[in-house]
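If you're matching positions, the sequence shown starts at 1 in this note's numbering and goes up one per residue.
Just to be clear, a hint being listed does not mean it is correct.
Claimed, not checked - So the derived label-pair ranges between C-beta atoms look like this:
(1) F216 to V131: 22 to 30 Å
(2) D156 to P248: 28 to 36 Å
(3) V129 to S161: 14 to 22 Å
(4) L169 to V11: 36 to 44 Å
(5) S6 to V131: 18 to 26 Å
(6) N12 to L169: 43 to 51 Å
(7) W56 to K35: 50 to 58 Å
(8) K35 to S161: 18 to 26 Å
(9) D119 to Q165: 16 to 24 Å
(10) H46 to P204: 44 to 52 Å
(11) N12 to Q165: 46 to 54 Å
(12) V129 to Q65: 25 to 33 Å
(13) Q191 to L270: 44 to 52 Å
Calculated from the structure, these hints are not laboratory results. Model, not experiment: these values are computed from the prediction. All C-beta atoms in this analysis are idealised placements derived from N, C-alpha and C, irrespective of residue type, glycine included.
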Amino acid sequence: FTGYNSDIRPVNDDKEIMPIVIDFSLISISELQEKDQTLVSFGLIHLYWEDDFLSWNESEYGDLQNMVVPQKKVWRPDIVVANSVEKRTKIGFDELPIRLNSEGYLEWEPSMLFKTSCDIDTTYYPFDVQVCKISLETMMSKIYELDLIINDPEIDTVDYSPNGQWNLLSAKIVKRDKAVYSAVHIELKIQRRRTFYVLNLILPILLLSLMGSLTFALPSDAGEKMSLSITVLLAYVVFLTIISDSMPQTSLQISLLGVYLTILVALSALAV
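Just need the whole structure built from these sequences, with the hints factored in.
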């Protein structure tokens, strides 16, 4: 490493575009915070590139083919999580190892806990499907300097740990270059697991709807009609509050279940 500068892009020709091959392994989806529209996930980024200044003759170094060094000793691509809800920082940390071989090829695999923004569509809640993205892009290097190349568009999910609330339908990585910077999006398509919501939300609401319809069949002078109507009305309000508390405060998409409950509240109020 004598004379090597880890701050300089390692190419012999400064006008040359440096390809960075990228793959991604998804380890887990911790949670999707609907109200904050935030996805928390954990994954492993695989990066491969050639360093023109880090090659050696194996015979001169005891047939040494590969070595592992701390990442701070070599140049790394300045990749950041563009849609992070926290401070934008470069991936990796100083003591993370990088593997390099005698031909000057480097392999870097930083793992990260991602906390990224995700636009939630609550229209069909709780039977909804969400598409969340993790956006990776170069921070300072321009597209004519570094180019992120996708090795395999299918994300590795061999070590993925299933989430109890969300089912992973698909995971892929796509190229999404901007005007100035090279970028890729990791797209995760997830579906809400419905059993809990059917048993604890949908069925009770349907039973309440049946009870509410019975109030219209009771005689207007029946004493039970008033008490039943008020009970059903309060139950509707409770369920509507539960749904509203878990939804993001946005008017772009409105939950059909919330609209249905609002209509039931209005009808129940008329019955009172």
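How the hints compare with the structure:
Restraint check, F216 to V131: a C-beta distance of roughly 42 Å breaks the suggested window 22 to 30 Å. In this structure, D156 and P248 meet the distance hint of 28 to 36 Å, their C-beta atoms being roughly 31 Å apart. Between V129 and S161 the CB atoms are about 20 Å apart, so this pair conforms to the stated range of 14 to 22 Å. A beta carbon spacing of about 40 Å between L169 and V11 agrees with the range 36 to 44 Å that was offered as a hint.
Under the hint 18 to 26 Å, the C-beta atoms of S6 and V131, about 37 Å apart, miss the expected range. As the Cβ distance of N12 to L169 is approximately 45 Å, the hint placing it in 43 to 51 Å holds. The hinted window of 50 to 58 Å between W56 and K35 holds, with their beta carbons roughly 54 Å apart. Checked against the hint of 18 to 26 Å, the C-beta distance between K35 and S161 comes to roughly 24 Å, which is consistent with it.
The beta-carbon spacing between D119 and Q165, approximately 18 Å, falls within the hinted interval of 16 to 24 Å. Checked against the hint of 44 to 52 Å, the C-beta distance between H46 and P204 comes to roughly 47 Å, which is consistent with it. Between N12 and Q165 the beta carbon distance is about 51 Å. The supplied range of 46 to 54 Å therefore holds. Here the CB-CB span from V129 to Q65 is close to 47 Å, at odds with the stated 25 to 33 Å.
One distance hint, 44 to 52 Å for the beta-carbon pair Q191 and L270, is violated here, with the actual separation near 37 Å.
Against the hints set out earlier in the document, violations occur for numbers 1, 5, 12, 13.
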